[in-house]
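The letter at position 106 of the sequence shown is residue 106 when you use my numbering, and the numbering goes up by one with no holes.
If you're looking for bench data, these hints aren't it; they were derived computationally from the structure.
One or more of the hints may lead you astray.
[What the hints assert, rightly or not] Taking CB as the label site, the calculated pair distances span: (1) Met102 - Ala20: 16 to 22 Å; (2) Glu29 - Glu77: 19 to 25 Å; (3) Ser64 - Lys33: 23 to 29 Å; (4) Gln25 - Ala81: 44 to 50 Å; (5) Glu103 - Gln25: 15 to 21 Å.
[Said to hold, decoys possible] Simulated crosslink set (SDA-like; lysine to any residue; CA at most 20 Å straight-line): (6) Lys32 - Asn59; (7) Lys22 - Ser107; (8) Lys88 - Ala24; (9) Lys88 - Asp104; (10) Lys93 - Lys22; (11) Lys13 - Ala24; (12) Lys93 - Asn69; (13) Lys32 - Asp104.
Every residue gets a Cβ at the ideal spot worked out from N, C-alpha and C, and that includes glycine.
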Amino acid sequence: MTKGQGFGFGLGKMKELTEAFKKAQQVQEGAKKLQEELEQMEIEGQAGNGLVKVVVSGNQEPRSVQISNDALNQGAEALSALVTQAMKDAYEKSTATMRERMEDLTSGLNLPGM
Numbered sequence: 001m002t003k004g005q006g007f008g009f010g011l012g013k014m015k016e017l018t019e020a021f022k023k024a025q026q027v028q029e030g031a032k033k034l035q036e037e038l039e040q041m042e043i044e045g046q047a048g049n050g051l052v053k054v055v056v057s058g059n060q061e062p063r064s065v066q067i068s069n070d071a072l073n074q075g076a077e078a079l080s081a082l083v084t085q086a087m088k089d090a091y092e093k094s095t096a097t098m099r100e101r102m103e104d105l106t107s108g109l110n111l112p113g114m
């Protein structure tokens, strides 16, 4: 072993490691805050030009469903299709919001798989 080289970690490597730990801690804190924000969000999905509206949280937890009288008059099969379409719309908006917020949180970190 060469004198002053330790385990192959020079001062530069220790600084990189310290920075990596700091960034990981920042991401962890940001992720916790983001999770809290997502739980409080209300994202609306619609179908049939607003005949059916579904509201979910930012992490896809169902919150409410609103069905207009006009949607009820279309019959059970059509109503089922409208509710399903509104749920899909809310889910897609919610996952897109979550993805965007995660990208904002991790931008510039060069994390693998992100």
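Verification of the hints:
1. Met102 - Ala20: 16 to 22 Å: 19 Å, holds
2. Glu29 - Glu77: 19 to 25 Å: 48 Å, violated
3. Ser64 - Lys33: 23 to 29 Å: 25 Å, holds
4. Gln25 - Ala81: 44 to 50 Å: At roughly 47 Å between Cβ atoms, Ala81 and Gln25 fall inside 44 to 50 Å, so the hint holds.
5. Glu103 - Gln25: 15 to 21 Å: Since the Cβ atoms of Glu103 and Gln25 sit about 19 Å apart, the hinted range of 15 to 21 Å holds.
6. Lys32 - Asn59: Holds. Lys32 to Asn59 sits at ~13 Å (cutoff 20 Å).
7. Lys22 - Ser107: 15 Å, holds
8. Lys88 - Ala24: Judged against 20 Å, a Cα distance of about 33 Å means the pair is violated.
9. Lys88 - Asp104: 24 Å, violated
10. Lys93 - Lys22: With a Cα-Cα distance of about 32 Å, the restraint between Lys93 and Lys22 is violated, given a limit of 20 Å.
11. Lys13 - Ala24: 16 Å, holds
12. Lys93 - Asn69: 25 Å, violated
13. Lys32 - Asp104: 14 Å, holds
Violated hints for the displayed structure, listed by number in ascending order: 2, 8, 9, 10, 12.
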